[in-house]
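Engineer: Please work from the sequences and hints to get the whole structure.
These protein sequence lines map, in sequence, to chains A and B. The numbering of the first sequence is the working numbering, which starts it at 1 and goes up by one. The numbering of the second sequence is the working numbering, which starts it at 1001 and goes up by one.
Quick caveat, the hints were computed from the structure, so don't treat them as lab data. One or more hints might be untrue.
Which stretches of chain B does chain A cover? Using the computed rule of at least three CB atoms under 8 Å from a CB of chain A, they are [said to hold, decoys possible]:
no., region
1, 1143 to 1152
2, 1170 to 1179
Residues on chain A that point at chain B, a partial pick, calculated with CB under 10 Å [stated by the list, open to error]:
no., residue
3, 71
4, 75
5, 76
6, 185
7, 188
8, 190
9, 193
10, 206
11, 210
12, 214
Beta carbons: idealized from backbone N, C-alpha and C, even for Gly.
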Amino acid sequence: MPTSGRGGWRGRGRVAAGTLGATLLGVLLWEGYKAVGDPDGTMLFGVRLLPRADDAAMPHVAEILGRFADPELAGGEPVGMVVLRAAAFTLRGVAVGFAVAVLVGALLAVLMQRFRVAERGLLPYVVLSQTVPLIALAPVIAGWGGQFSIGSRPWQPWMSVAVIATYLAFFPIAVGLLRGLQSPAPIAEELMRSYAAGWWRTLVKLRLPAARPYLFPALRLAGAAAVVGAVVGEISTGTRGGIGRLVVEYAREATTDPAKVYTALLGAALLGLVVAGAVGLAELLLSPRRRASTR
Amino acid sequence: METGAVTDPAPAGAVTDRAPDAVTDPAEGEAVVDRAAEAVIDRVMPSTGGVIPKGRAGRAASASTASGRPVEPGPAVELAGVAKVFNAGRPDEVTALDGVDLTVGRGEFVSLIGPSGCGKSTLLRLVADLVPPTGGTVRVADRSARQARRDLAYGIAFQQAGLLDWRTVARNVELPLELRGLSRRDRQGKAREMLELVGLADFAGHYPDQLSGGMQQRVAIARALAVDPPLLLMDEPFGALDEMTRERLQDELLRICARKGTSALFVTHSIPEAVYLSDRVVVMSARPGRIVEIVGVELGERTEATRQSAAFFAGITRVREALRGTPARSAPPAGADQAAAGAPA
Ligand SMILES: Nc1ncnc2c1ncn2[C@@H]1O[C@H](COP(=O)(O)OP(=O)(O)OP(=O)(O)O)[C@@H](O)[C@H]1O
Ligand SMILES: [Mg+2]
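Structural biologist: Have a look at this one:
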């Protein structure tokens, strides 16, 4: 096809340059504020408007990066390794939670599209589900999980974390995909009807392709929600081995070793990047070869 | 090939008479059909001086032979006392159609014309079983409209193109073929043929949003024709086209209908178009949508000369009078506007 691929590499180069620029800008802002900001923070009528700029609250970027190479305590592994391992541990919960969320969200969306009654009956609960505070929900899920076992394998704590990630991530998918499935113009639906195409073939030929532009933004939101769900889930269920736990542990040393907290936070950010990257890759692979025309 | 009006029986003085339906000699009609069909098969692009057979007898005969099936007795479309009320019982209730009786014979070409909002599209949707009637019966090819839709008994082109914008032009034309389970090769071959017919072969790989409105409309026409339906339902398909393309596609459409024995129900706002294409022109009035008059057109074979013939202009005059003479006082301005807009220079 003559229209495929044109500008693809240039487009990707632009995205890479943009990412790099944004990172640089972030570093510049951080260091710039440190240089000009009041070390004790800016107060106005007793309210802190701007954060402290001293080394304890905002260590230098170089110091944070350097901390990755130093050992965790007096001895032991470098922090970088610990953070990476914790990120990998959490990633499992994120990935499983995200995958299940895609499945559950898609099923709910298709169900709600198919049956008006289902939409009216389910949608309020889907929305309501997101208003339940996670902190309250997490121990309940962990408690329930303890009574299950998958085959002979007992329930693992990370599975509770995955369930919590799912709980947060299915929502954008269900709502976004439902909108997408409902997006075809009435005339397109009439066309399929005139072809005597049943519900399934209308779904495959019309609704799903029409939903594609709605799906990927929903997946991005769901990816971010899965990361947040997993990290917060780890913290609130007290699961060991993941980034969530690391954030809590390192935060306790914030006064003596301020750079350490930020390494754990960067680890969580890395998780987000990995998930966003995976979604981006999926979009690249699943999208039809798009023409280069600008719109 | 003679370009004169071979079977045009109307002398200049007699054209204003309300002629009954076609009286073409069946045998003669069939012979003309065969000749024209060969011409079409040879080259897909239209000839300017060709003869397009017209008349129900000739085309009905070709319908039974071309399809290879036994001749089915009933008409292509049969509407009896059809009414359609939208939002019944609500404040925004609209009586779109009321008491419509209409029969489209096999192989017959019938146009619907009338002021905007008089229910032409609604009538087409009823035949297509896309909306249910609130009164009367709709039968298509001896079946209920519902059964006919399930049997894929018609092809439809809507007022808006209605293309799927994630599919290329060619893949849009292939869509109905895909749903009928044609092989990839057959689909691609048919789509190419249809796109050549509407003059868009070079745009097969483009996406709909890269085309102009008129081009999109032509893709929709190609899509409707691709399945060789025994009945064509077309809603102002040539509305967005320039005059030359419009005339060319009118001729193509007549050729296809003649070759395949296709029946057609065709909505248009152009009086000359209705007269040129049709065996009968159905003139409608608005609120409630009713059939005011059915004007029979007797032009014989359509040729280059037809568009300049006295009989053609006489037909236009009769349709215009029928539009203007609608009993409802709200209708005449719209009808008069259309007549003025549609009149040839
Ligand atoms: N889905 C609908 N719901 C409510 N009213 C409708 C609907 N479809 C059509 N109508 C009404 O039915 C009447 C006839 O509409 P229709 O589209 O058939 O007109 P039309 O003759 O095709 O007009 P035009 O020439 O402008 O296309 C209009 O008054 C319109 O408001
Ligand atoms: Mg209309």
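Engineer: So, for every hint listed, does it hold in this structure?
Structural biologist: Tested hints:
1. For the region 1143 to 1152 of chain B, the stated coverage by chain A holds: 4 residues have a C-beta nearer than 8 Å to a C-beta of that chain, and at least 3 were required.
2. Coverage of the region 1170 to 1179 of chain B by chain A holds. Counting CB-CB distances below 8 Å, 4 residues qualify, and the rule asks for three or more.
3. For residue 71 of chain A, the suggested interface contact is broken, since its CB lies about 54 Å from the closest CB of chain B, more than 10 Å.
4. Of the supplied interface hints, the one on residue 75 of chain A is violated, with its beta-carbon coming no nearer than about 59 Å to a beta-carbon of chain B, more than 10 Å.
5. About 54 Å separates the beta-carbon of residue 76 of chain A from the nearest beta-carbon of chain B, more than 10 Å, and the hint is not met.
6. Interface restraint check for residue 185 of chain A: the shortest CB-CB distance to chain B comes to about 7 Å, inside 10 Å, so the restraint holds.
7. The restraint placing residue 188 of chain A at the interface with chain B holds, with a minimum CB-CB distance near 6 Å, inside the 10 Å limit.
8. A distance limit of 10 Å between C-beta atoms decides the matter here; for residue 190 of chain A the minimum to chain B is near 5 Å, and the interface restraint holds.
9. Because the beta carbon of residue 193 of chain A sits about 6 Å from the nearest beta carbon in chain B, less than 10 Å, this interface hint is met.
10. Here the hint on residue 206 of chain A is kept, as its CB sits about 7 Å from the closest CB of chain B, short of 10 Å.
11. The beta carbon of residue 210 of chain A is positioned within 10 Å of a beta carbon in chain B (closest approach about 7 Å), and the interface hint is therefore held.
12. Below 10 Å, beta-carbon pairs count as interface contacts, and residue 214 of chain A has none with chain B, the closest being about 12 Å; its hint is therefore violated.
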